[in-house]
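S.K.: Chain by chain, the residues:
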Amino acid sequence: MQGLLILLFFLLLGTVFQFLFSLPIPASILGMLLLLAALMLRGRIPDSLVQISKTLSPLLPLFLIPVSAGIVTQTTILSEHGLVLLAILTVSLIPGILVCALIMRLWARSS
Amino acid sequence: MTSTLTALLNLPLFWATLTIAAFYVGQQLYRLSNNHVLIPPILTGLLLVVMAIELSQTPFSVYMQGGDYLHQWLGPVVVMLAIPLYQHITTMRQQWLRIILAVTLGSATTVACAMALAYWWIGDDIITRTMATKSITTPVAIAISEQVGGISALASAFVIATGIIGAILIPIVLKVSGVTHAPTIGLTLGVCAHAVGTGRALELGQEQAAYAAMAMTLTATFHAMVLPWLL
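In order, the protein sequences belong to chains S and D.
Read in order, the letters of the first sequence are residues 1 to 111 in our numbering.
Read in order, the letters of the second sequence are residues 1 to 231 in our numbering.
Extracted from the complex, chain S is given alone in its bound form:
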């Protein structure tokens, strides 16, 4: 319970930050960064947070279903460009993979 309260408190804090400084960054991300800063200051993770994260993490995909179901409103785009979109998503991955591997490898050799 306390863990959930902490998460909601930081989410609210993120929303206040976003509003005060009119930032384009999502409030939840600001809340996450503020919580990270708080954890670093404190030096450890409170048990209540560990507990709520164990409860909520397996449910994450469930929370994503409603907004993803909004795909039913995008049938025109999908029937028109569906295959091209799939091809773009597949092809664009390869250069990204190679860049990641290359950077990690260059450093592994030099150090």
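If a hint is listed, it holds; no wrong ones were tucked in.
Covered stretches of chain D, as calculated for chain S (at least 3 residues, CB under 8 angstroms):
no.: 1; segment: 72-80
no.: 2; segment: 169-183
no.: 3; segment: 220-229
These are calculated hints, taken from the structure and not from any lab test.
In this text, all values refer to a predicted model and were calculated from it rather than measured experimentally.
Note that the Cβ used here is the ideal one computed from N, Cα and C, for glycine as well.
Chain S is fixed; fit chain D onto it per the hints.
M.R.: For chain D alone, coordinates are given in the frame of chain S:
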């Protein structure tokens, strides 16, 4: 009878319950298939929900009144990502430069390629904007997509498709390129295939999984801070 059914189909609680049930079926199917990478619970659950909406001809706005019960949890869940980030901060400190470079340049490369291809092949401004969030974990992608004028439902579909394609493609591409270094495999899965990739990394080993979780969170944070200013 018909009027009862109509009333039920207009009830937010009905759609919330149906969504949870669909996800439960997805979880069971995933377990039965020995955690097969092609049928993550979210995909099965999503297909069942979409079928229910289509078959009952329910307007999406009516569905979403119930779906919103679950949707509202995304905020606290994104805040929760601070926990894995904090847990891996010691590993990161030792090799922060190469990790930061790999995460920023790697994710920027795949996103830039996707946006360029979408611009050339389709030429639709909104689809191109929506492509920008394709390699970030879904809850963050949705938040950013709403912020930069993309379509959040489409963003979510791109992210889920990228995750599944990446989880299959990344280990193959790395194997062909002769990469066996566990941190590299984990980091690449996290950067390019977010949570689905992290799940795949978990099957490969603990070290891969730790790097994947960290890379996924860093990628999401980096993109959340940069994309809204660029687009």
